[in-house]
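Residue numbers (the numbering used here), protein chains in the order written: chain A, 1 to 283; chain B, 1001 to 1364; chain C, 2001 to 2346.
Hints listed in this document are in silico derivations from the structure and should not be mistaken for laboratory results. Careful: at least some of the hints might be erroneous.
Some chain A residues close to chain B (C-beta under 7 Å, calculated; not the full set) [claimed, not checked]:
id : residue
1  : Phe38
2  : His40
3  : Thr61
4  : Phe64
5  : Thr134
6  : Asn135
7  : Pro234
8  : Trp237
9  : Gln250
Under the rule of at most 27 Å between Cα atoms (straight-line distance), these lysine-lysine pairs were calculated in the BS3-like manner [to be verified]:
id : chain 1 : residue 1 : chain 2 : residue 2
10 : B       : Lys1174   : A       : Lys129
11 : B       : Lys1176   : A       : Lys129
12 : B       : Lys1126   : B       : Lys1287
The calculated label-pair distances, taken between Cβ atoms and stated as ranges, are [to be verified]:
id : chain 1 : residue 1 : chain 2 : residue 2 : range
13 : C       : Asp2064   : A       : Val203    : 21 to 27 Å
14 : B       : Thr1059   : A       : Ala122    : 40 to 46 Å
15 : B       : Asp1138   : A       : Ala19     : 30 to 36 Å
16 : B       : Arg1089   : A       : Ala54     : 37 to 43 Å
17 : A       : Ala122    : B       : Gly1047   : 21 to 27 Å
18 : B       : Gly1047   : A       : Leu136    : 34 to 40 Å
Since the structure is predicted, the reported quantities are computational estimates derived from the model, not experimental observations. Built from N, CA and C at the ideal position, the CB exists for glycine as well.
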Amino acid sequence: MSKPSPRRLADYAPIAFPAGMLLAFFVVPFGIMIAISFYHRVQGGFYEPAFEFANYERFLTAFFGGVLGFSLGLSSLVAVVAVLLAFPFTWLLVRQRRQVQVIWLVFLLSVLSLSEVIIGFAWSTLFSKTAGITNLFVALGLMDQAVSLYPSFGAVLAGMVYQAFPYTVLVLYPALSRLDPTLVEAARTLGASPFRAFFNVIVPSLRNTILATIIMVFVFALGSYLLPQLLGRPQQWTLSVLITDQAIYQSNMPFASAMAVFLVLVSLGLVGLSLLFGQREKA
Amino acid sequence: MHKNSPAKPSRRAVLAGGAAALAASTIGFPSILRAADKTLKVGVYGGYFKESFDKHIFTEFTKASGIAIESVAEPTGEAWLVQLEQAARAKQAPADVSMISQTSMLKGQSVELWAPLDEAKIPGAKNVHSHLQNRYPDGRLCGVGAVSWYITLVSNTKVFPEAPTSWAELWDAKHKDQLGLLALVSNSFLLEVTATTFFGGTKMLDTEEGILKAMEKIAELKPNVKLWYRDEAQFEQALKSGEIPMGQYYHDVTGLAAADGHPVRSTFPKEGGINDSGSWAVSKASKAVDLAQVFIEYMCQPSIQALLSRKVGTSPTIDAKLTDLTPEEFAAVSSEIAPIVPRYDLYQEKADWLSQKWTELIVG
Amino acid sequence: MSGLVLDHLVKRYGAFTAVHDAALRIPHGQFVCLLGPSGCGKTTLLRMIAGLDAPSGGRILIDDADITETPAHQRDFGMVFQSLALFPHLTVGENIAYPLRIRGKSKEDQRAAAERLLSLVRLPGVADRPVSKLSGGQRQRIAIARALALSPRLFLLDEPLSALDAKLREAMQIELKQLQQQLGITTIVVTHDQREAMTMADLVVVMSEGRILQAAPPVEVYRRPANAFVADFIGMTNLLPGTAAGAGRIAVGGGTLDVSDANIPADLVLSIRPEDVKIHESGEGANRLPGTVTFIRDLGASVEVRAEVAGQEIVAVTAPKHRPAVAAGATVSVEFPAEACVVLAK
C-alpha cells in the first residue's frame, strides 16, 4: 500500500521540528550574515543597515583572490591526502574483528572530539626543536641535530590532515564495510594480486563514495582557522583566519560577512562542479 | 586584549596569597561624603580584572565611602562601547563608570558619549600621567587613567644569556625564525615601536606615507618571526621552552613566569616599553556622575595605585614616586624609561586602511 | 596422481575446527559436488582449494605439485561466488575480460574473448551493458563466463545457483553440466541441495560437521550410503534401529529380517528407501513386519502410505497402479525386501 501524499498542514507535522531547527539554527543565521554583508561599515564604530556592495568590492582584489585561492587549494589538498590515507586504513579496518574495529572507532571519535586548539598545540610541540620528533630522530641516529619543523606549509598540512583523518574514516566506514568482500576475492582468483585488486576493483567501485568524501572533508577543512595560525607562516593563513580577524579584532562584521558569504558561494560552486563532473563520468 | 582574557591560574594564586596582607593596607581616603544608600555600577573587563577588583578594591572603596559597588563584566572588543552608546540613546546606562580602552575612549569622544568630569571633584586626576587624562578637543576632562600595563621585549634566558637592550634587536638577521610577535596592527603596536626605534618617534605616523615607511621597515623583520600570535597562550609556552626565544609580551606576566622559575625575562628596551592602558569614563546617561567622580578620585589615590600594582600587576597611572612602591615592586610592573605610547588615534581614524595594509604586509 | 589431491586438510578458527582432516582425490575432468547442510565446512574446503583461506594443516596438490602455499592469484582457477561478485563499475565485457586485462592482453584480444565466452554461455551481444542492467540468470552466466575466461585448471563454484528461482535453477543445472562436459574441465560445486548434486555430479562428496562422510558417484551415495546421516540427507529414507541376529539377519521392530549385507555390526540402523517398502493388505511372508496404517495420501504420480511398525512410522511410496486397498487404521503387513535393506553402523 502506498502512502497518500500529504494534503493538510497537519500532515507535515512530523517534519516541523527538524524544519524549525534548520530554520532557527541555519537559515536565519545565514540570512543575517548575508544581510550584514551588505551593511555599511562605520569605521571606528560598528555598522548600520544599508544596501551597498563596498564590502564585496574590498574583497575583490588580487590580494584576497590569492588568499581565497590558497585556502581552496589547501583544503582540497587536505581532503585528497586525508582520503588517500584514510581509504586504505578504513579498508583494512573493516576487515578486522568487530572488537578491534570498535576500539579503533572509539579512538578515532575521541581524536575527533579534540578541539583545533589542542591539535594545534600538540602538533606545534611535535614539530618543535625543543621537544619535537626530530629529537627522536637524533636519538635514533637519523639526524645530527634537532630542528624545528614549523612554521611551514608541511606543518599546516600535517595538522589539518590529522584533524580531518578521523572524520574521513568515519565517512568512509559505512560504504567500505558494506562493500562485498568477495569482490576482492573474485579479482584474486582471476589473477590480480591483493594490491592490484585493491586499486582496480575496490577503488573504482567506490568512486562516488570517494568523491563525496573528498567534498565533505574539503568543506570540513575550509573552516579551519587556528591550525594555519599555529603551524603556518602568515603566507599560509587561510581566508578563515582573515575572517576571524575582521570579525573579532576589527569589529568589521560587514566585511567579515562578505568574505564568509563569498567563501560559501565559491565552495558551493566547486562542490557543484565536482558533482556534475562525477555524474558525467558515471554516465 | 590581554587584560580581558580569563585570568591566569598563576596570577590568581598570587592574588589569593596576598588577600590577608590587603586587609591591613591603609587607605587614607579623605572624602567626607557618606552615602550609605547610594550604589554605583562599575564596568570592568570580565574575568581576571573583575575578580581582582571585586576582591581587592571595591570592598575597600565601599568601606571608605559608603557607596555600594555593583560591578558589571564588560565584554571584550568594542561591543561594550556599542552597548553603552545604544543604551545612552535610550537614556540608559548599563554602567555608570566603565574601564574603557584608549581606542574606544576616542570613539566615544567622537559622539560625545562620555560625561564631562568636574576636575575640582577629582583633584587626584592631576597626578595621572598627562597622556592618561582623556580630554575633549575643548579641554574638558572625560576620562582618567584606570590601569596601564607594559608590553616589552621578552627573551629566554637560556637561549640568550645577555638581555637584549633595544627593539632593534628584533630586526637582527641572526634571529631568523626566533620571534613571537602579536599578529594585529592594533594590538602589537609595532608601528609605534618601529617609528620610535628607527624614525625618531611616533610623529612620523601622522601621515600615510610615514606609516607605509614604517611598514616597509617592519617587512624587513618578517623572516625573523616564527609565530604571529593572537592569543597569549600561543606564545607563552614556546617562550618558556625556548622554542621561540624572543618576542614582545606582557611585562607583568613574564615577571610572574620568571618568579615561577621559568627561564624568561622581560626587558624594557632603551626606546621604552609599550604602555597600553584603560581609562575610567562615565556614560552621559549616568545619573550618578557625582558618585562616579568620588570613585575615580578614590582610584587615583597613590595608595590605591600601589595596591593595584601589588595585587593586580598593573603599572601606576600616576607618578610612581607618589606611591610607596619599593623599587623592586615598581620594576615588577613598570620602568623609569619613557614609554612608547600607542597612537590610539590611528586605530580610530584609519582602522580599516591600517588593518588592510597590515594584513597585506604580514601575509603578502 | 594427476588431478587434484586434498591431503588431510584441516582448517581451524581458534578453538573451532571448520574442516577435519579432509582427504580426497579428484581425477581430471570430474564434476564434483561438495554437499552438506549449512555450516558443514564445504565452503571452507572450497575456499582452501581456491587459495582464499589458508589451511591450518595438510596439503593441496595438483598434478603432484604442492600448491598449498601458492597465492590465489597464481593458481589459475576460475571461481564463481555465491554473491557472483561481478564488478559494479565495469561493463559485462570488461568483467569477463578482467583476467585478460590483468595479464596485459590487448583490447582486441579482450574484446574477442568476451564475445567468445558470451556465446559460450549463450548470452551474445550484451558486452557493452552495465552489469546492473542484467537479470539474475544473466548475471549468473556472466559470472560463469568470467571464471572460464582463462581456461582455468579448476572451475570452482560456491552455491552458484542458490539465488535463482526453482525453475531457472533446474535449467541452469543442466546447462552447467553440459558446459562442463563440453569443456572437460574439472569442476567443484558447493551446494546444500542434494537434488542439484545428483543432477550434476560425477562425484558427490557429502560433508557434515567439518568431515567428509562419503565421496562416491550419486547412485552409490543414494543406494549405498556410508552412514545414517548420508542416508537421511540424500533423499528420503526410513531409519530403524536394530541389532545383529546371526548371519544375514537383523532384529528390528520386534521381528527379524534377512538382509543381503554381509557385515552386520552388533548395534545397527536399518535404512530402507520408501519406494522399496511394500505394503500388503494381509498375509505372512519373509521379511515382513505387522503394522497399522496411519495416513495415506495420493500425490498423483505416486501414493504415499504411512504405517506404524512397532511404534515407529514407516513411509512407503508406490506407483498408483500398485496402490494397496487399505484405509487408515487398517492392519497391514509391511515388507522390507532383503536386497533393499542397507545396514549401517549406529
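| In rising order, the numbers of the hints this structure does not comply with | Per hint list: 1, 2, 3, 4, 5, 6, 13, 15 and 16 violated.
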